[in-house]
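**Q** Chain residues, written in single-letter form:
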Amino acid sequence: MEAAISSEQHGHAASHGHHESFIRHYIFSTDHKMIAKQFMVTAIIFLFIGGAFALFIRWQLAYPGQPIPVIGQFLPSTWVNDAGAVTAEWYTQLLTMHGSIMIFAVVIPLLVGTFGNFAIPLMIGADDMAFPFLNMVSFWLFPLAGMLMMAGFLVEGGSAAAGWTSYPPLSAVASTGQTLWIVALFFIGFSSILGAVNYITTVLNMRAPGMKLFDMPMTVWAVFITAIIIIIGTPVLASALSMLFMDNFLNTSFFLPENLIVPARDMTRTAGGGQPLLWQHLFWFYSHPAVYIMILPGMGVVSDVLSTFSRKPLYGYKAMVFAIVAIAFLGIIVWGHHMFQSGMNPLLGTTFMVSTMVIAVPSAIKTFNWLGTMWRGKMEFTAPMLNAVAFVSMFVIGGLSGIFMASTPVDVFIHDTYFIVGHIHYVLFGGSLFAIFAGLHYWFPKMSGRMYNERLAKWHFWITFVSFNGTFFPMHILGIGGMMRRIYDPTIYDFLKPFQPMNEFITINAMILGFAQLLLVINFGYSWFRGQKAKRNPWRANTLEWQAPSPPPHGNFDRPLQVYRGPYEYSSPEAVQDYLPQTTSPEELAEQHRHHQKRLEQQQEATVTQD
Amino acid sequence: MLDWLPENVSIFGEGVDHLFSIIYYISIAIFLIVNVIYITFIIRYRRKRKGEKAHYYHGNNLLEFSWTALPFVLFLFLAFYSDGIWEDIKYSSKTPNADVVVEVMGQTYMWHFRYPGSDGLFGRRDQKFISSTNPFGIDPDDPNGKDDYTTINSMMIPVNKTVLVRLSSMDVIHSFFLPNMRVKQDAVPGQWVDVWFNSRKTGEYEIACAELCGSGHYLMRATLDVTSQEEYDTWIDEQYTNVLASLDTAPAETNE
Ligand code: HEM
Ligand SMILES: [Cu+2]
Ligand SMILES: [Cu+2]
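Protein sequences, first through last, are from chains A and C. Counting from 1, one number per residue, gives the positions in the first sequence under the numbering used here. Counting from 1, one number per residue, gives the positions in the second sequence under the numbering used here.
Derived from the structure by calculation, the hints contain no laboratory data. Glycine included, each C-beta is placed from N, C-alpha and C at the ideal position. Hints may be right or wrong, so weigh each one.
[What the hints assert, rightly or not] With beta-carbon atoms standing in for the labels, derived distance ranges:
1. A:THR201 with C:PHE65: 33 to 39 angstroms
2. C:TYR25 with A:THR491: 29 to 35 angstroms
3. C:ASP99 with A:LEU250: 43 to 49 angstroms
4. C:ASN160 with A:LYS497: 27 to 33 angstroms
5. A:PRO501 with C:SER92: 38 to 44 angstroms
6. C:TYR240 with A:LEU154: 42 to 48 angstroms
[Unchecked claim] Listing some non-contacts, in silico: residues in chain C with all C-beta distances to chain A over 10 angstroms:
7. LYS146
8. SER154
9. ASN242
10. LEU244
Please work from the sequences and hints to get the whole structure.
**A** Right, dumping it as C-alpha cells:
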C-alpha cells in the first residue's frame with residue numbers, strides 16, 4: 001500500500017473531441033462528477049420533502065388539531081380530517097418518513113454520495129472512480145428507493161408508520177407501506193455497498209504518483225473509513241430487513257413471540273418463538289455505525305475547510321486520522337446504548353455505557369484539534385468557513401447532550417423524550433448538515449465552474465444558524481420536562497401543558513429555518529448559470545482538486561500530477577505565498593523564490609530611483 | 001434548565017436527579033471553556049491583510065496526549081459513578097424486598113394492572129391463555145387466579161412502600177413511563193421485566209407510554225394514585241369484594 005499502484009490520468013481528458021448524447025451525459029453518466037451532482041440535486045429535493053414533513057409535524061405539535069394553514073383544505077382525506085388538520089395516522093406516517101428520508105435520502109447521499117464521488121477522485125488525483133459503471137448503478141438505486149418509500153403515501157393504509165427504527169412487532173404487521181419501506185431500504189443498502197466498494201478500491205489503487213496514505217486529505221480519509229463501516233454494517237441491516245420481510249409475508253417468526261395479539265391490526269399469531277429485541281440488536285448494529293456514517297465525512301470536510309480558511313496546517317493530522325479510526329471501531333461496538341430501557345439485561349447496559357463514554361474521547365480529540373487548527377491562524381470567514389465553524393460548535397452541544405444519554409440512570413428519564421430529538425438534530429442538522437453546507441459552498445466553484453453569491457450565502461448561513469438553535473435547543477428542555485417523542489398531541493397530559501408556549505416558539509423557528517433553505521437553492525440555482533466564472537484555485541488551497549480546471553473535464557486533470565507533500569502546508573515558511581500545493585515540485589518552488597526575489601529587488605530599485 | 005424536571009417523588013429518583021445535575025454542570029463547564037476559546041480565536045485570529053502568513057505549526061504531542069487523557073479520565077469517572085446508581089435501580093440482585101407486587105400489561109392503547117387477591121398470590125399465567133379478554137393469560141384452572149383483579153388505566157399503590165412492577169405487553173412494544181418516579185421501561189411482548197420504585201409522597205401522577213406503538217400512542221395514558229396504606233387497604237378490600245361477587249354470580253366453574 002506504499003505508493004500509488006496505478007495512475008491513469010494521462011491528459012486524455014481535455015482532448016475528448018466527441019460529443020456525448022444528452023442521456024449519456026446527464027442521465028446515465030458514469031463520470032464521478034456528474035454522479036456527484038445527481039446525488040446532490042436528488043438529495044436536496046428530498047431535503048425539501050423531508051423538511052415539509054417536519055413542518056407538518058411541528059404545526060400539529062404547536063397547534064394540536066388546528067387546520068394546516070392555506071394547504072390543509074386541499075390535502076386528501078386520508079391525511080387530514082374534515083377541518084384540514086393532521087390526523088394521528090398521518091402524523092405517525094409523517095414522523096416515520098421524515099426520519100427515514102432525512103437519514104437515508106438526504107444526509108447519507110449528500111455526505112457519502114455527493115462528497116465521496118466528487119471529492120475522492122479529484123483529491124487523490126485519479127481520473128474517475130475505479131468502477132464507473134457500478135457508480136452509476138449505485139446512484140440510480142437511490143432515487144428509485146426514495147420514490148418507493150414515498151409511494152407509501154399513495155397506497156392503501158398509507159406509508160410506513162413504525163418510526164424510522166421500525167421496531168417489530170409494530171412493523172411486522174403487514175402493510176403495503178411498511179413493505180415498500182423495507183424494499184426501499186434494501187435498495188439503499190445495496191447502493192451504499194456498491195458506492196463503498198468503489199471508494200475503497202479507488203482510494204487504495206488510484207492515488208496520484210507520490211501520494212502516500214498519510215498524504216491524503218481528511219475528507220478522503222473520512223469517506224474511506226466510512227466506506228469500511230458501510231461494508232461491515234449494511235449486510236447486517238440487509239439480513240434484518242429480509243427477516244422482517246419474511247415475518248410479514250411468509251409467516252416466519254424471527255421477531256414475533258408466541259401468542260401475539262394485535263387487535264388494532266386484526267392479527268393473532270399463535271405460533272412464534274421469536275424475539276422482538278433481536279431486531280433492535282441487528283438494526284442498531286447497523287444504525288449506530290450509521291450515525292457515524294452521517295458524521296465522519298462531515299468531520300473530514302470540516303477539517304479541510306477549517307485548515308484552508310485558517311491558512312494553517314491541520315493541527316495533529318495523524319491524531320485526527322487515528323481519532324476517526326477509533327470512532328469507527330468503537331462506533332461498531334456501542335449499538336446497545338440505544339437499548340438501555342429495552343428490556344435488555346441491565347448488565348449489558350453497564351458494558352455499553354462504558355464503551356459509549358469512551359467513544360466521547362476521540363470526539364474530544366477532534367474538537368480540540370480543530371481549535372488548535374484555528375489557533376494563531378489567519379481566518380477568512382467565507383461561507384464555507386462560517387458553516388464549518390458552526391459545525392464545530394454545534395457538534396460540541398450534540399456531543400455533550402450525548403453524555404446524558406450515555407449515562408444509563410439519566411437515560412432512564414430522557415430516553416424517548418424530546419431530549420433525544422434535540423440531540424439528534426444537533427448532531428445531524430447542526431453537525432452533518434452544516435458540514436454539508438460547508439462542503440457544498442467550498443466545492444461549488446469546482447463543481448459548476450462559477451462562484452456562488454457570497455452575500456446571499458452569508459444570509460443563508462446566519463438565518464439558518466439562529467433559527468436552527470431556536471428550533472432545536474428548546475427541545476432539550478421539552479425532554480427534561482418529560483415530553484415523550486413521537487406523540488401526536490402533548491396537551492392531553494397535565495404535566496406537559498406548561499410546555500405549549502415553548503412548542504409554539506419551536507414551530508415558528510422551524511418555519512423560518514425551513515424557508516431559509518430556499519435561499520440556498522436560489523443562490524446555487526442562479527450562480528450555477530450566471531455566477532462569476534471561477535478560477536482554478538479560488539481559495540488558494542493545497543489539495544489536488546484545485547489543480548484541475550473549473551469545472552474539471554471528463555478525466556479530470558489536464559496535466560500529469562506528482563505529489564510531493566501532505567495536504568496542509570499552509571503558511572509554510574518554505575513557500576512564497578501562504579499556501580503550498582501538494583503538486584508544487586521543489587524546482588517550481590525554487591523558481592518561485594527566484595521570481596519573488598527578483599520582484600523584491602525591482603521594487604527596491606524602483607524606490608531607490610524615486611528618491 | 002433542570003428546573004423543568006417534573007417533581008421527583010421516588011426514592012431512587014434523588015440519585016438520578018443528582019447525577020443529572022452533575023453531568024449538566026460538567027457539560028456547561030466544557031461548553032463554556034470550548035466556546036470561550038473558540039470565540040476568542042474567531043475574534044483574534046482574523047486575516048487582516050492579503051498574503052499575511054499564519055503560524056506554521058503541525059501540532060504538539062504533549063497537548064494531544066493531555067486532551068486525550070483528561071476526557072478519558074472524566075468520562076470513565078462518569079461511567080463508574082453512573083453505574084453505581086444504575087445497579088441500584090436495575091440489577092435484580094439489588095432490588096429491595098417488595099411490599100406490593102403489581103403486574104402491568106401493555107395493550108394498544110391502554111395499560112392493564114393486575115393485583116393478587118386477598119391470598120396475596122397471583123394465579124399462574126401462560127402465554128397461551130393470552131387473549132383480548134384475558135390480557136394476562138391467567139390460567140383459568142388455577143384457583144390462585146380466581147380472586148386476582150385487574151384495572152385498566154389506573155394504578156393504586158401505598159406511599160413509602162416498595163412496589164415491584166412485572167411488566168409485559170400482549171401486542172407491540174410499549175414503554176411504561178412514570179415521569180415523577182423516574183421510571184421508564186419498555187414492555188416487550190413475550191418477555192417479563194421487573195422494575196421497582198418507592199414513592200415518598202401521596203398524590204395523583206401520570207403514566208405514559210414512551211415507545212411508539214401506533215397512531216394512538218399519545219393516548220396511552222394512565223393514572224397512578226399514591227395513597228396512604230389505610231386507603232390502599234380499603235380499596236383492595238373493595239376490589240376483592242367485587243371480585244367475589246362476580247365469582248358468585250358467574251356460572252359454576254367446575255362443570256365437567
Ligand atoms: C426544519 C428542519 C427540521 C425540523 C423542524 C425537524 C423536526 C423534527 C421533529 C419535530 C421530530 C420528532 C418527531 C417525533 O419524535 O415526534 C424529528 C425527528 C427526526 N428528525 Fe427532524 N427535523 C428537521 C430536520 C432534520 C434533518 C436535517 C435531519 C437529518 C438528518 C432530521 C432527522 C430526524 C430524525 C432521524 C428524527 C427521528 C425520527 C423518529 O423519531 O423516528 N431532521 N424532526
Ligand atoms: Cu404504547
Ligand atoms: Cu406508545
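**Q** Please go over all the hints and tell whether each is borne out by the structure.
**A** Taking the hints in turn, this is what the structure says about them:
1. A:THR201 with C:PHE65: 33 to 39 angstroms: holds (35 angstroms)
2. C:TYR25 with A:THR491: 29 to 35 angstroms: holds (32 angstroms)
3. C:ASP99 with A:LEU250: 43 to 49 angstroms: holds (48 angstroms)
4. C:ASN160 with A:LYS497: 27 to 33 angstroms: Holds: the Cβ-Cβ distance is about 29 angstroms, inside 27 to 33 angstroms.
5. A:PRO501 with C:SER92: 38 to 44 angstroms: holds (43 angstroms)
6. C:TYR240 with A:LEU154: 42 to 48 angstroms: Cβ of C:TYR240 to Cβ of A:LEU154: about 55 angstroms, so the range 42 to 48 angstroms is violated.
7. LYS146: holds (22 angstroms)
8. SER154: Correct as stated: the minimum Cβ-Cβ distance to chain A is 15 angstroms, above 10 angstroms.
9. ASN242: Answer for C:ASN242: holds, closest chain A Cβ roughly 26 angstroms.
10. LEU244: Label holds. Min Cβ-Cβ 29 angstroms, cutoff 10 angstroms.
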